[in-house]
Amino acid sequence: MYFDSVAAALVMDGHGPYVWSAYGITLTVIALLVLLPIVSKRRLLRELRGEHRRNRQSESRSSVELS
Amino acid sequence: MWTFFHKLGSPPWLYGIAGSILRWLLPIAVVALSVGVVWGLLYTSPDFRQGNSYRIIYIHVPASVVALAGYYVMAIAGAVSLIWKMKMADIAMLAAAPVGAALTFVALLTGSIWGKPTWGTWWVWDARITSMLILLFLYLGVMALYEAYDNKAAAARACAILALVGTVNIPIIYKSVDWWYSLHQPASIKFTGESTIDPSMLYPLLLCIVSFYLLFTCVLLANMRVEILRRERKTGWVRRLVGES
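Going down the list, the protein sequences come from chains A and L. Under the numbering used here, think of the first position of the first sequence as 1, with each following residue one higher. Under the numbering used here, think of the first position of the second sequence as 68, with each following residue one higher.
Quick caveat, the hints were computed from the structure, so don't treat them as lab data. Quick caveat, the model's predicted, so the values are computed rather than measured. Don't be surprised by glycine CBs; every beta carbon is placed ideally from N, CA and C. Some hints here could point you the wrong way.
Said to hold, decoys possible - List time: in silico SDA-like cross-link candidates among lysine to any residue, alpha-carbon distance up to 20 Å:
#1 A:K41 to L:Y139
#2 A:K41 to L:K152
#3 L:K154 to L:Y139
#4 A:K41 to L:K183
#5 L:K301 to A:E51
#6 A:K41 to L:G310
#7 L:K183 to A:L10
#8 L:K74 to L:L273
#9 L:K152 to L:R306
#10 A:K41 to L:A136
#11 A:K41 to L:K242
#12 A:K41 to L:I88
#13 A:K41 to L:I295
#14 L:K301 to A:S21
#15 A:K41 to L:L93
#16 L:K301 to A:R54
#17 L:K154 to L:G76
#18 L:K152 to L:K219
#19 L:K183 to A:S21
#20 L:K183 to A:R49
#21 L:K183 to A:R43
#22 L:K301 to A:L10
#23 A:K41 to L:R306
#24 L:K242 to L:K154
#25 L:K152 to L:R298
#26 L:K301 to A:E59
#27 L:K301 to A:R49
Said to hold, decoys possible - Which stretches of chain L does chain A cover? Using the computed rule of at least three CB atoms under 8 Å from a CB of chain A, they are:
#28 110–124
#29 280–290
#30 293–305
Unchecked claim - Partner residues are not named here, just some residues of chain L that face chain A (Cβ under 10 Å, in silico):
#31 P78
#32 F172
#33 T177
#34 K183
#35 T185
#36 L207
#37 G208
#38 A211
#39 Y213
#40 I264
Just chain L, with the same shape it has in the complex (with noise of 0.2 Å):
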């Protein structure tokens, strides 16, 4: 067990094992994202009440999902760095941030196309997307603090205590459609109890929640290898790779 946290510790060989899993993970993931895709888009029916606008729900549901377990991923980084000062976490807090920004900026969009011809509106105050929007805020502000600070171990510090005080924002997000009735609906999906969705919808939407999570995890070990690769230049052993390459 210690010696796989000392691996992971290890520069050279997170980079390597991270390319060899990209190297078959990004094709499943490609491809599981064209079957969620297109099964969703093609071969299920419309929703009873929303008709086709529904659809959104293929790729809104998963961005939003991953968007979230994004900030976990950053936040806890962001505690190991804290804790343990271990450098490869903060280049994964780092990795993580840009992404989650991109899927809560994708949640956000969807979302607001998504409402418009089902609540008659692109943007409502509600209490779900203020906290997705503060959700984005806070993964523009961790990248924007890295940028800020010419000393980057500093840098690191100060991404990981603003990304651990920014979770009390996850509970808020989780729980808004519970705790303020709005336009935004409940949950469809539960792991206790039965769930409100249909099979025949759940699947696709399922298989896409997967693939989202299968992409994060490709492009946060693509960002990490970039990173590691920029801030190992000096030593010898990206030396000898960029020799033999």
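In isolation and in its complexed conformation, chain A is listed as follows (with noise of 0.2 Å):
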């Protein structure tokens, strides 16, 4: 590591807020972009399957009346 000690490389010679911050924020709308998508697509599914499960119920009860 450049930096002698943790408390070194988190100051930065007084640049550290700076790098710090901008690390931070890059970080955080990486994660956000790269959950998104995971989230929405799961929120989809589960969507999806319950107009499945809605479909299947109706059509076996519409075969139920037709019987």
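Take the two lone chains and join them into the complex the hints point to.
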């Protein structure tokens, strides 16, 4: 490591707040970019599964009525 | 070759292949980014003129480069969607817009944070920065335009046209640091001629650029998969997929 200690790495000769906040924001945005499609896919699949189940139930109900 | 294009237009094929690419590409991208960021943050020496603030380069440059590359993806997908009416091309165009917008935002914000200790100001109306701000508005414009129409086919056409018109901004961004001499420094990495960056800084930077490209690809594919599912929800293959899962 270039820095002598963790404290020195955090301070970075006074540039620490700039550097760390820039990295923090960037990594947060990247994490959101990666997580959002995963969350929305899961939500969509849950919704579709519900639809699927309802369709199947109404199908079986109508076949019972027919018989 | 033609069968490949036919497959590209097929939603279930694209959904499946994107999923299997994501399964190995996303871990690689995350590992590459982690290594690049730790390397740049902690294992490189400071710049002799800018000190430690220069470490922002390892995220600022990759975000900017990929924000521009994302625009190519969006505009080319837009052109394909206009010319061949390929639905999967619309999906690619719309999947690229939020990723591009987020990366342009990151580029502007990290640039601003870098500017404060280096130039003494958070913001200047310099040609490079202003043209990047226009890039952000173009991305947001495409996203807003799509939402504004009820007829989604017309919306995709309008977005494609906006994306294509917006490409005039791209050479301005590239050339801005050479055409207008201002606070923003010219490019340090050149494909032709000698790069003006030390190899010890160049390697982690290149790794970060590659990992941003990989992450862009992953998020693009993931966004496309969600949109494919949403649009194809009534079709047999999605029903089978949902029934199985």
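Okay, the hints, checked on the actual structure:
1. A:K41 to L:Y139: Violated. K41 (chain A) to Y139 (chain L) sits at ~26 Å, over the 20 Å cutoff.
2. A:K41 to L:K152: 26 Å, violated
3. L:K154 to L:Y139: 18 Å, holds
4. A:K41 to L:K183: 40 Å, violated
5. L:K301 to A:E51: 10 Å, holds
6. A:K41 to L:G310: Satisfied, since the Cα-Cα distance of roughly 15 Å is no more than 20 Å.
7. L:K183 to A:L10: Roughly 18 Å between the alpha carbons, so the hint for K183 (chain L) and L10 (chain A) holds.
8. L:K74 to L:L273: This hinted pair is violated, its Cα atoms lying about 33 Å apart.
9. L:K152 to L:R306: 25 Å, violated
10. A:K41 to L:A136: Status violated; Cα separation ~25 Å.
11. A:K41 to L:K242: 40 Å, violated
12. A:K41 to L:I88: 17 Å, holds
13. A:K41 to L:I295: 10 Å, holds
14. L:K301 to A:S21: Measuring from Cα to Cα gives roughly 45 Å; hence the hint is violated.
15. A:K41 to L:L93: OK: K41 (chain A) and L93 (chain L) at ~16 Å, within 20 Å.
16. L:K301 to A:R54: With Cα atoms ~14 Å apart, K301 (chain L) and R54 (chain A) stay inside 20 Å; holds.
17. L:K154 to L:G76: 7 Å, holds
18. L:K152 to L:K219: Holds, at roughly 13 Å.
19. L:K183 to A:S21: Holds - the C-alpha atoms of S21 (chain A) and K183 (chain L) are around 13 Å apart, at most 20 Å.
20. L:K183 to A:R49: 51 Å, violated
21. L:K183 to A:R43: Given that 20 Å is the threshold and the Cα spacing comes to 41 Å, the pair is violated.
22. L:K301 to A:L10: 53 Å, violated
23. A:K41 to L:R306: 15 Å, holds
24. L:K242 to L:K154: 34 Å, violated
25. L:K152 to L:R298: 16 Å, holds
26. L:K301 to A:E59: 16 Å, holds
27. L:K301 to A:R49: Distance of about 12 Å is within 20 Å: holds.
28. 110–124: holds (count 9)
29. 280–290: Check passed, 5 qualifying residues.
30. 293–305: Check passed, 5 qualifying residues.
31. P78: 14 Å, violated
32. F172: At about 7 Å, which falls below the 10 Å cut-off, the nearest Cβ of chain A leaves the hint on F172 (chain L) intact, so it holds.
33. T177: 4 Å, holds
34. K183: At about 6 Å, which falls below the 10 Å cut-off, the nearest Cβ of chain A leaves the hint on K183 (chain L) intact, so it holds.
35. T185: 9 Å, holds
36. L207: 15 Å, violated
37. G208: Violated: closest Cβ of chain A sits about 19 Å from G208 (chain L), beyond 10 Å.
38. A211: At about 18 Å, which exceeds the 10 Å cut-off, the nearest Cβ of chain A leaves the hint on A211 (chain L) violated.
39. Y213: 16 Å, violated
40. I264: 17 Å, violated
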